[in-house]
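Going line by line, the protein sequences match chains Z and V.
This note's numbering applies: residue 28 is where the first sequence begins, and numbers increase by one.
This note's numbering applies: residue 8 is where the second sequence begins, and numbers increase by one.
Calculated from the structure, these hints are not laboratory results.
Possibly wrong hints are sitting among the right ones.
[Unchecked claim] Derived lysine-lysine pairs resembling DSS-like cross-links, with alpha carbons at most 25 Å apart:
#, chain 1, residue 1, chain 2, residue 2
1, V, K83, Z, K269
2, Z, K134, Z, K113
3, Z, K259, V, K57
4, V, K159, Z, K269
5, V, K57, Z, K29
6, Z, K55, V, K83
Only a predicted model underlies this, so the values are computations on that prediction, with no experimental measurement involved.
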Amino acid sequence: MKKYILDLTVKSVEQVHERYVLVKLTSKETLPQMLPGQFVEVRVDGSATTFLRRPISIHFVDYQQNELWLLVACIGDGTKAIGALKSGDVLNCVLPLGHGFTIASDKKCLLVGGGVGVAPLLYLGAELKRQGVEPTFLLGARTGKDLLMLDEFRKYGRVMVTTEDGSEGEKGFVTNHSVLEQEQFDFIQTCGPTPMMKAVARVARQKGIDCEASLENLMACGLGACLCCVEKTTEGNLCVCKEGPVFNIKRLLWQD
Amino acid sequence: MARLDVKIKDLCLKNPVMTASGTFGYGLEFQDFVPLDGIGGIIVKGTTLKPRQGNDYPRMAETPQGMLNCVGLQNKGVDYFAEHIYPQLKDIDTNWIVNVSGSSPEDYAECAARIDVLEKVPAIELNISCPNVHDGGMAFGVTCAGAESVVKAVRERYHKTLIVKLSPNVTDITEIARAVEAAGADSVSLINTLMGTAIDIEKRRRVLSIGTGGLSGPCVKPVALRMVYQVARAVKIPVIGLGGISSATDAIEFLMAGATAIEIGTANFLDPAVTVKVRDGINEWLDRHGVDSVQDIIGCVE
């Protein structure tokens, strides 16, 4: 897929949570085609501590409105600078990068997300629905107020939630949810904190379900040139930015 | 349009802009952003005789105006390069230069000999300055005797333009430059990365998997520029300057300090199209100042 360096215009920045913002970007030109699970390398200028671009996963692409959505956790100086953007600001982006999720429109898909890791699952769910299959989303967070974008997810499939404190949905981790016992899925796709993804991968292996996980190793170039973001795989060290970020768990050395 | 061509021994560059090893992959990763034939030379990633897995993750730490890396020469080996990568590159009209590393003079020489036969690779850059490998790398580049031993061994087996990349992690870089010149190098490129470290204060441990890494980016530019200035006055062979170059202004500074050509490294990560912008910026500067050829400003600073 052809990659571009684009100056995108900030259409809106919405605070969806005390730590998370939803940034909607647009352009005079038609946005290029992007696939679920791919990411954007965002240039953040203005601070000595924000030298490199920030890799941010594609939350959603609204081709009708010509909008690219990014769901950003404002944690460090770089992501806080993204959160402080105002409508009309310009954000330089390299996109679309990496290999995304498989669109398994012939399968019963369970999309499992945790924290800001839910971000790429919205676009994945939307694409699955467009291709005729409604996925099940299983989304986890610490508390009910940390669950993000639920109304958006509900547009594309059934939404199940877990919270660690039980304030919404079932209490516990995503891997404790009863749906995993009550229903059979053919395919699990997951994005979230690494311990959560490893737990999801363990469940998938135990049940013999095919599974993909989206990794977020620290990156520099985002293009497969610097070899900084490598993950150990069955094929040796592979760049998460180029060969991933989405990997079938069979390729990862995650066996317990 | 000023003349931009420069020459390094038998290596003819259509413009003085090259890419630094390890920051531009095999070029192909960047072809959506820049016409590769618009770049004077593309130095592909560090290549060794045998495949190397490199160091463990984490390999990178962001620093003020720069970054540390300890990739550790991950590559699939010279034979894989010759069989699988070279055929994809050879018909693209730029100078493909292979950065060669090894763990003994014999290793370097054998790797260089296998590249010597590749028709469309007119030069190699010997990496005697990698700070991230234990077996060799910088060990050869920090003493005159070590540097000489590698260059002599390679010179016997390699017949095209031989560039030697120098480490800044030495007391006097001009001594090493003179030693490799005497041993038969056709050119020196400098600087490789400066050795550094970073600490994660929450985990109370060093960030990088091997503890230390090489510092690159705009933060190293003044150090690199000073060393290029010194080396250009210490040797007769052409000098290639690199270290934090991100703009045409930076590049022109290095040319004026005495570099015949320049390499762009870490800046490729921030702007994947930076190479051709620097090339065009050099041309604009020359035109604006009525200078006919880039060669007229090389080493013009007293």
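Checking one constraint from the list: CA of K83/V to CA of K269/Z, max 25 Å. Satisfied? holds, 17 Å
Mind checking the alpha carbons of K57/V and K29/Z for me, to see if they're no more than 25 Å apart? violated, 33 Å
Assess, step by step, whether the Cα of K55/Z is no farther than 25 Å from the Cα of K83/V, and give holds or violated. violated, 43 Å
Run the distance test for K159/V versus K269/Z: straight-line Cα separation, threshold 25 Å. At roughly 38 Å apart (the allowed maximum being 25 Å), K269/Z and K159/V break the hint.
Is K134/Z close enough to K113/Z, meaning Cα to Cα at most 25 Å? Not OK: K134/Z and K113/Z at ~41 Å, beyond 25 Å, violated.
Checking one constraint from the list: CA of K259/Z to CA of K57/V, max 25 Å. Satisfied? holds, 19 Å
The earlier numbered hints that this structure contradicts are 2, 4, 5, 6.
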